[in-house]
Amino acid sequence: MTIELSRRGFCIGTALIGLQTVSSSAFAARSEDGTVRLGLVAPMSGPNARYGSFSMRGAQMAAKEINSVGGVGGRKINILPGDSQGTPVEGVSATRRLIDQDHVDFIIGDVSSSVTLAMQPVAEDAGVLLLNAASSNPKITYKAGVGGFKWTYRNYPTDENRALIVLQYAAEKKGFTKYAVLSVDTDYGRAAIEFTKKYLPRFKSQILTEDYYKEGEVDFRSVLSKIRDSGAQAIIMYGNADSTPIVGRQMMEVGIAGKIPLIGNAEFNTASTIKAAPKALEGAIEAAAWLPAYESEKSKAFVEKFTAEYREAPNNHAYVHWETVHLLARAIEEAQSIDREKVRSALSNIHYTSAVGEVTFDDHNQARLPMILLEIENGKPAIKGAYSAEIDYPK
Amino acid sequence: MFFTVIEQVVNGIVSGSVYAIVAVGMTMIFGVLRAINFAHGEYYMLGTFGAWFAIEYFDLPYPVAVVIGVVTTALIAVIVGNFVMQRIVGAPAEAGVLATLGAALILQNTIILVFGGSYKFFSGGYIEPVTLFGFTLAEQRILIIIVGMIVFVGLELMVTYSRMGKAMRAVSQNIECCAVVGIDVRHIALWTFILGAGLAALSGVLTAPVNVSVYGGMGELITFKTLPIIIMGGLGNVRGTFVAAMILGIAESLVATYIGLQFRDTVGFATLMLVLMWRPHGLFSAQARF
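Which chain is which? The protein sequence lines are A and B, in order.
Residue numbering for the first sequence follows full-length UniProt numbering, beginning at 1 and increasing consecutively.
Residue numbering for the second sequence follows full-length UniProt numbering, beginning at 1 and increasing consecutively.
Treat each hint with caution, since some may be false.
Over the 10 Å line for every Cβ pair with chain A, so calculated as not near, a few chain B residues [claimed, not checked]:
{"no.": "1", "residue": "V14"}
{"no.": "2", "residue": "P61"}
{"no.": "3", "residue": "F83"}
{"no.": "4", "residue": "M149"}
{"no.": "5", "residue": "V180"}
{"no.": "6", "residue": "L254"}
Think about it this way: if two alpha-carbon atoms lie no more than 20 Å apart in a straight line, the pair counts; the simulated EDC-like pairs of lysine to aspartate or glutamate are [what the hints assert, rightly or not]:
{"no.": "7", "chain 1": "A", "residue 1": "K214", "chain 2": "B", "residue 2": "E139"}
{"no.": "8", "chain 1": "A", "residue 1": "K279", "chain 2": "B", "residue 2": "E139"}
{"no.": "9", "chain 1": "A", "residue 1": "K259", "chain 2": "B", "residue 2": "D265"}
No lab work stands behind these hints, which were simulated from the structure alone.
The structure presented is a predicted model; accordingly, all values stated were derived computationally and were not measured.
Glycine included, C-beta positions come from ideal geometry on N, C-alpha and C.
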């Protein structure tokens with residue numbers, strides 16, 4: 001018995017030593033590697049793959065720019081991709097893979113709010129900095145910083161701002177009071193409508209019909225005919241960019257194009273979307289974190305470079321990921337190390353000049369950023385101003 | 001009110017026609033191979049990609065693109081049929097599930113590798129709205145309904161009168177007897193599969209103009225819409241599939257209007273559960289296949 005036990009003990013011991021050797025050699029490889037290991041979680045496939053590919057290109061372009069001038073503190077940025085497929089389950093396993101197998105120090109991700117919310121505890125447990133660049137659900141930073149998750153930061157404006165700004169513009173400038181809702185059935189789409197409802201009484205407005213579509217939905221005819229007969233003056237849509245051309249086409253079919261405009265956010269300003277259904281997109285009102293037509297020197301230089309590099313104009317996600325990689329590089333530079341704790345405190349105190357203005361973080365690790373309001377006029381997005389608002393965190 | 005209901009029924013018939021063309025191929029493949037083809041949606045996707053490729057890279061007109069999409073898919077089906085599907089004949093059910101799921105993964109990810117995972121814009125087709133009896137529809141949708149009818153009448157005639165059709169029915173009834181009387185079962189299995197894949201591709205190309213977006217993962221959704229239809233229709237039953245597709249299309253359309261768009265996808269599986277509880281052989285007896 002005792003012999004057997006010690007044999008077992010020997011086996012376990014050997015296994016442990018083996019494991020330790022493996023993990024320490026992996027650790028050695030990582031520090032000798034001399035790069036900044038940056039994980040990028042984004043939907044590279046699935047219904048949101050468009051966002052993922054733009055995000056990746058934006059981030060890679062930034063890494064290339066930084067690496068071509070010698071990297072940060074002599075370290076090159078090495079981007080390791082993780083495919084979330086836009087679903088929380090895949091997002092969490094991609095994050096785990098990046099942390100456990102690729103040994104990343106920093107993660108940028110995801111685009112979808114549902115995925116980011118699921119990634120937060122994973123990053124927190126591992127003590128890996130999660131810098132979000134493109135999710136807009138307010139809950140993400142309600143729960144960050146003094147709210148709980150110390151390792152989550154967000155460099156993107158939230159839906160609460162957006163809902164208020166859009167509603168205000170629609171009510172004051174257009175005189176709308178009756179709305180139909182057609183949003184995507186995700187944390188993003190539903191939360192945006194929740195915040196819209198919060199501000200409806202302020203503008204004496206009401207919602208007449210409320211529908212949510214599944215990602216990948218292609219048949220909107222039934223719901224659009226219902227909206228046509230409901231008497232709504234505008235459709236509030238917080239949706240996916242890829243569904244917008246489909247909705248636009250079917251709006252033309254059921255005869256509401258040009259009569260009931262889309263308001264909210266689902267990339268109404270993308271040239272190919274407008275081309276797919278020009279009549280339906282005319283008069284669409286959108287609040288975006290950024291758009292290619294934004295007038296600033298840095299922004300214009302980015303659009304030009306991105307278009308030259310990928311032969312396609314960048315979208316919002318390309319921009320925010322490009323900007324966020326630069327932001328992280330600046331934080332690493334100011335921390336003068338890739339030590340996670342030091343980079344985190346550098347990020348908290350950063351004053352970074354982005355293409356849309358100065359970026360600083362509040363005590364919920366939420367960047368203070370403006371939203372740009374635009375309206376589609378004669379097939380082109382016309383910018384109606386930049387708005388920002390302080391967030392009321394729930395006590 | 002009444003007009004709205006009629007309009008929604010018409011909407012339902014349009015989506016039902018699309019489901020029907022895809023599902024009929026899947027149900028025929030089941031009849032002959034006794035395997036649910038989980039890769040069926042991928043042939044729908046391949047057809048759409050073929051047509052998109054022809055339009056985007058070679059500037060070909062839409063009707064030519066339709067032919068290219070269907071023919072390309074049929075050629076891929078010849079390869080998959082020879083190497084995979086023929087081997088399923090007489091194999092246990094698990095083999096069919098694994099083989100078709102595997103084929104689905106390979107086809108889908110090859111397309112994502114080659115063309116990227118992002119949505120592509122499909123610019124062909126006839127999307128101008130026309131008004132018929134007070135309903136406004138895109139011309140393409142009328143085309144879909146007409147082609148759907150032609151496909152079903154054609155299939156009915158084929159399985160009733162042609163030699164190949166009769167052989168397909170025979171194989172679906174009893175494989176051993178077919179082998180005894182000299183019907184080449186593997187040959188019939190291959191052709192049924194190619195026909196089924198071709199029909200899925202046709203459906204994909206026809207709907208692409210109204211669905212606008214083309215992407216690698218688009219087939220999955222179709223496979224999962226089709227599955228309840230072929231079970232409801234009675235696996236292997238062509239006429240049953242047609243009716244089940246129409247029922248699902250119309251039910252979905254009414255649910256989207258009167259209950260909410262978010263409940264639309266539950267219709268198929270909710271109906272499926274009811275059918276499995278009360279009529280496990282499908283709404284229409286599966287005794288007489290085809």
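**OP:** Quick one: which hint numbers does this structure break? Sort them smallest to largest.
**Re:** Violated hints: 1, 6, 7 and 9; rest satisfied.
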